[in-house]
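Protein chains in written order, with this note's numbering: chain A, 1 to 179; chain B, 1 to 658.
Hints are computed from structural coordinates only; laboratory data are not their basis.
Wrong hints could be hidden among the right ones.
Stated by the list, open to error - Heads up, incomplete: computed chain B residues facing chain A, CB under 10 Å, no partners named:
id	residue
1	L46
2	I47
3	F49
4	T55
5	T117
6	L241
7	I567
8	K629
9	I635
10	N656
To be verified - Here are some, though not all, of the chain A residues that point toward chain B, as calculated from beta-carbon distances under 8 Å:
id	residue
11	L122
12	G123
13	G142
In this text, all values refer to a predicted model and were calculated from it rather than measured experimentally.
Built from N, CA and C at the ideal position, the CB exists for glycine as well.
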Amino acid sequence: MEQEGYTPEAGQEDTTRRRFLKWLLGIIAAVNVFIAGIPFLRSLAGPAAKARSGDWLKVASISSLPEGRPVAIRFMAERQDAYIHNTVLHSAWVIKHSPDEITVFSPVCPHLGCYYQWDQRLGRFECPCHASVFALDGKVLGGPAPRPLDTLQTRIDNGNLFIKWERFQVGTPSKVTIA
Amino acid sequence: MEPRLIGWINRWVNERWPLSSLLRLSLDEEIPGGSSFFYTEGSAILIIFALQVVTGILQLFFYVPTIDHAYDSLSYLRTEVPFGWLIHGLHYWGANLMIVVLVVHMLRVFIWGAYKTPRELVWLAGVLLVMITMAFSFTGAPLPWDQSGYWAGEVGTSIAGTTPLIGDLAKRLLRGGENMGQLTLSRLFVMHTSVLPLALLALFGLHFIAFRTSGAVGPWDALKRRVPGPFWPDQAYKDILMGTAIFVLLIFLSVFVPPGFAGKVDVLDTTYVPKPEWNYLFLYQALKYFHGPLEPVGSVGVPTIIVLLLVMLPFIDRGPERNPLRRPFVMLCGFIFCAALLALTLIGYYSPGRAEMSGSSSGKPVVAGPQLSARSGQAGQKDNGMQIFQSAGCTACHNVEGTGGTIGPSLSGGALIGKGRAWTVEQIRNPRSHNPNTIMPAFTSLSGAQVDILVSFLVGPGSVSASQQAGAAEAGSSSQLSPQLENVPQMGVKQQSSPEAVSGAMVGEAAREIGNSERGAVLFKNYCSSCHGPKGTLGMPNPGSDEGNVPRLNPVSRALYSREPKIFAADIDRFIQHGSVPPGKRPSLGMLAFGDTNTLTQQEIANVEAYVMSINGVDRAQIINPGLKPRNFFILIVVIYVLILLIQGGIRIKKNIE
Chain A
1 MEQEGYTPEA GQEDTTRRRF LKWLLGIIAA VNVFIAGIPF LRSLAGPAAK ARSGDWLKVA
61 SISSLPEGRP VAIRFMAERQ DAYIHNTVLH SAWVIKHSPD EITVFSPVCP HLGCYYQWDQ
121 RLGRFECPCH ASVFALDGKV LGGPAPRPLD TLQTRIDNGN LFIKWERFQV GTPSKVTIA
Chain B
1 MEPRLIGWIN RWVNERWPLS SLLRLSLDEE IPGGSSFFYT EGSAILIIFA LQVVTGILQL
61 FFYVPTIDHA YDSLSYLRTE VPFGWLIHGL HYWGANLMIV VLVVHMLRVF IWGAYKTPRE
121 LVWLAGVLLV MITMAFSFTG APLPWDQSGY WAGEVGTSIA GTTPLIGDLA KRLLRGGENM
181 GQLTLSRLFV MHTSVLPLAL LALFGLHFIA FRTSGAVGPW DALKRRVPGP FWPDQAYKDI
241 LMGTAIFVLL IFLSVFVPPG FAGKVDVLDT TYVPKPEWNY LFLYQALKYF HGPLEPVGSV
301 GVPTIIVLLL VMLPFIDRGP ERNPLRRPFV MLCGFIFCAA LLALTLIGYY SPGRAEMSGS
361 SSGKPVVAGP QLSARSGQAG QKDNGMQIFQ SAGCTACHNV EGTGGTIGPS LSGGALIGKG
421 RAWTVEQIRN PRSHNPNTIM PAFTSLSGAQ VDILVSFLVG PGSVSASQQA GAAEAGSSSQ
481 LSPQLENVPQ MGVKQQSSPE AVSGAMVGEA AREIGNSERG AVLFKNYCSS CHGPKGTLGM
541 PNPGSDEGNV PRLNPVSRAL YSREPKIFAA DIDRFIQHGS VPPGKRPSLG MLAFGDTNTL
601 TQQEIANVEA YVMSINGVDR AQIINPGLKP RNFFILIVVI YVLILLIQGG IRIKKNIE
């Protein structure tokens, strides 16, 4: 940034002072850029992901569910993507053992995330992707699935079934909530 | 790096690109009389502009210019993106400070006489730059698509519409049609983020090159001009000190005086009183003095005259004398000009609109003053009745002249005129005596005088005397009004359910919007306090319910409270949207479904939620992901600057630098 062609007038050639000013100017400018720049970059990096448990969703009335047999129920859940909120349709497998004992399985196979089916004839869950097979209680009967079917939290209130929709990491032996 | 290498790179570049000449143009300048803090505003404006560009671009990463998501995307940036509060705060305060520094800059140039030959072009480009900046302010304010910005845009484009001949075209060009809407927002957005920045850059080039060509003007005193000083680094050092001070001030303002959340656009919400930004208040006030066919004189004439005066200045005041003391006439004119602008701004600031907002009346938009004083006698009493009607909470269920809910029958246009005073008094004091199934609460807390005014308001003052009418009204009561009233409980049953069921219901749009708690307070007073008590501190008796009272909202039940504003909002939103029937044999009062019945708009519900949260100590606009807490961030940067100050002071003393 040294300038040539400018000859200081008499009394202006205070070189130590001027060199010091240039240094100081550069340092202050750099500090300003850092003070603004670091938060600005941080804003683009976004917030750290924070798993938050969802709301209780009313998915069915208990009396409408058959006993001892899994049914796939569909329900609306709210999804938030930054500032866009919309409702999406989810499904889950519900098994009513008795009017106050209900199991709800996530419809996602814990192996690689496919949606599995219920085979009424053989009385078991089967995943079409890699042929994992699960019993009515979710235990792995065969295939590559690393863990039993994932259960969702349930609550029974006033004859209605409420669940909390969650997704879990697939392909791992332990059940880890991801969203 | 070695000096030889730097020299080589320098030569290599300069043989191909005029780097040294450009640096010389920007840095190499002699200032007559040497550097001064008086000359720093130009650079300060440039520094603020650079900050506006950077924070503006960063906001573009998050903001979307659509009427359904603009407000939410900005709210998201401000509360959920790390340092989003800082980015928006700097942009908001930078825009305001920019205008302040511009005014200071113009005043300084005016006092120094720096617009005189050969510097007319510098001044003219400067005047255009001021207009561009005002255009930035005008197009930027509506972008959040919140109450304040929307109305500023609505009124501003309407003002353009009053221009003779081309007004309609101008308005349509600005709005993209007849009405404010998506096309308006897109237009303002493109102007603010593409057209105006390009125009500003071009004009800045003109301004800057003209300035460097004529050179700095220096002091008017010939003696003081004798010893010149360089721009680089002497003036540049003072410039960066001023720029840093402004930067710290902007951070301070962003931390301690953050811009408010005005709430999403809602044309039905009459608690909002539109007022322009402070830098347009002079025009807003000037407009009030011109009515009817004269309106264009205020809306177009005043700004045109101001611009013309500024443009003509270097051609009117042509003498070479720059000392302000020796050109008293020009200084006096300038003083009158500034005083007039300042006076209009102050009058505009303190004019009725603002007072109206804090009052308990309907708060309908008041644009011109004279409307306020036109009331008298009869009308005054009607106002008073309307005030009680609102403050007692009747508007929560009953609609009068376009304001109020739809749960109860509309009481507009003398709906009760056939009922007579006695019936109406009884209906207010003990509604169950007329209809045992009614959900209308008994308003036992109103004074006799208040009920009297209310009844006069509903029945009409001179209609029929109470005693004459009492019997007749009682007889006819079931025929006229009851069909409507019988609808009420049915509607309630359909919409309302037990608190447990409500907790699983869908939340409304309102729960996701950051409402304005101040306007929520006004709504709360009108719609909620009749049952929940003033500021939510009381629960009115609710016979027939297990609790025996309407729940207090201050403090709110633990089951609904949450420190997380989004969860808290969702918890209370379900009740406000869908209503609920408290458990009990036959509760006389139930929570009304304000959302499902469209008694309140989603934006109004968001405001009420923000208010209910605020009385429970939770800020709806709380920053969820601050990055670093604003206060801590400010302390940190102050520490950094103080350290730099101390270190450089130490070096100065050690090396004996002045």
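Point to revise | Restraint satisfaction for B/N656 [CB to CB of chain A, less than 10 Å] | key: 9 Å, holds
* Let me know if the C-beta of B/L46 comes in closer than 10 Å to any C-beta of chain A, holds or violated. => 13 Å, violated
Grab the minimum C-beta distance from A/L122 to chain B and call the hint holds if it beats 8 Å, violated otherwise. 35 Å, violated
Fill in: Restraint satisfaction for B/I567 [CB to CB of chain A, less than 10 Å]
For B/I567, the interface hint holds, since the closest Cβ of chain A sits about 9 Å away, which is under 10 Å.
Proposed interface contact between B/T55 and chain A, which counts if any beta carbon pair is under 10 Å | 8 Å, holds
Status of the B/I47 interface restraint (C-beta, 10 Å, chain A) = 9 Å, holds
Note to self: Tell me if the interface restraint on B/F49 is satisfied: Cβ within less than 10 Å of some Cβ in chain A.
What the structure shows: 14 Å, violated
Hint check: is the beta carbon of B/T117 less than 10 Å from a beta carbon of chain A? Since chain A brings no Cβ nearer than about 26 Å to B/T117, farther than 10 Å, the hint is violated.
Using Cβ atoms only, decide whether B/I635 comes closer than 10 Å to chain A, and label the hint accordingly. 13 Å, violated
**Asked** Taking the least C-beta to C-beta distance, is B/K629 closer than 10 Å to chain A?
**Response** 12 Å, violated
Let's test the interface hint: is any C-beta of chain B closer than 8 Å to that of A/G142? 38 Å, violated
Quiz prompt | Residue hint A/G123, partner chain B, criterion CB-CB below 8 Å | solution = 32 Å, violated
Hints 1, 3, 5, 8, 9, 11, 12, 13 from the earlier list are contradicted by this structure; the remaining hints agree with it.
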